[in-house]
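Protein chains: 2
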Amino acid sequence: MIKATVYVTIKQSVLDPQGVAVQGALHSMGFEEVQSVRIGKYMELQLDTSDRNEAEARVKDMCEKLLANTVVEDYRFELEG
Amino acid sequence: MIKATVYVTIKQSVLDPQGVAVQGALHSMGFEEVQSVRIGKYMELQLDTSDRNEAEARVKDMCEKLLANTVVEDYRFELEG
Chain G
1 MIKATVYVTI KQSVLDPQGV AVQGALHSMG FEEVQSVRIG KYMELQLDTS DRNEAEARVK
61 DMCEKLLANT VVEDYRFELE G
Chain H
1 MIKATVYVTI KQSVLDPQGV AVQGALHSMG FEEVQSVRIG KYMELQLDTS DRNEAEARVK
61 DMCEKLLANT VVEDYRFELE G
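Residue numbers (our numbering), protein chains in the order written: chain G, 1 to 81; chain H, 1 to 81.
Next comes chain G alone, as it looks inside the complex (with noise of 0.2 Å):
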């Protein structure tokens, strides 16, 4: 069995505009010192496979595949196990 951790981001040249409202609402309750949000998604898979050179390739075509939208995402992942 083998953990996949996968980490999926917005491109740093594209706006976030769920990071800008969770800010705006910091911003109002008092957290004034926070200067910017950035929200992705985290993901773990366990995988029942013991091969992890395959794992690792078939990780990555889910990403590009499904788990993220490569247009404005950027994805990486860890295994473990």
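Mixed in with the good hints, there may be bad ones.
Since copy identity is lost for identical chains, a pair holds within one copy or between any two.
[To be verified] Straight-line C-alpha distance at most 27 Å; calculated DSS-like pairs for lysine-lysine: (1) Lys65 with Lys41; (2) Lys41 with Lys60; (3) Lys3 with Lys65; (4) Lys3 with Lys41; (5) Lys41 with Lys11.
Just so you know, these hints were derived from the structure itself, not from any lab.
Position chain H against the provided structure of chain G, taking the given hints into account.
Only chain H this time, still in chain G's reference frame:
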């Protein structure tokens, strides 16, 4: 300037319907080795402060009050810089 990275995940005992949907989609695309998917949030905050202890207390406060719903979600964060 301190960078805080916040991870918000759904508690293990709570059903994650988004994760179940993504797992179903991955299966139907031929990624049958995916045993489970849990989806969380990943946030990067830039804080205009240099006091690490204060930043730690403030980010904890932000998580408790806005960033995480502690009834059904767990959070953890890292500070950098």
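At most 27 Å between C-alpha atoms: does lysine 3 with lysine 65 qualify within a copy, between copies, both, or neither? within (19 Å within a copy, 31 Å between copies)
With 27 Å as the alpha-carbon cut-off, assign the pair lysine 41 and lysine 11 to within, between, both or neither. Answer is both; intra-copy 13 Å and inter-copy 16 Å each pass.
Quick one: lysine 41 to lysine 60, C-alpha cut-off 27 Å, is that within a copy, between copies, both, or neither? Both: 16 Å inside a copy, 20 Å across copies.
Between the shortest in-copy and the shortest cross-copy C-alpha distance, which are at most 27 Å for lysine 3 and lysine 41: within, between, both, or neither? both (16 Å within a copy, 18 Å between copies)
Please work out whether the CA atoms of lysine 65 and lysine 41 approach to 27 Å or closer within one copy, between two copies, in both situations, or in neither? both (16 Å within a copy, 20 Å between copies)
Checked against the numbered hints given earlier, this structure breaks none of them.
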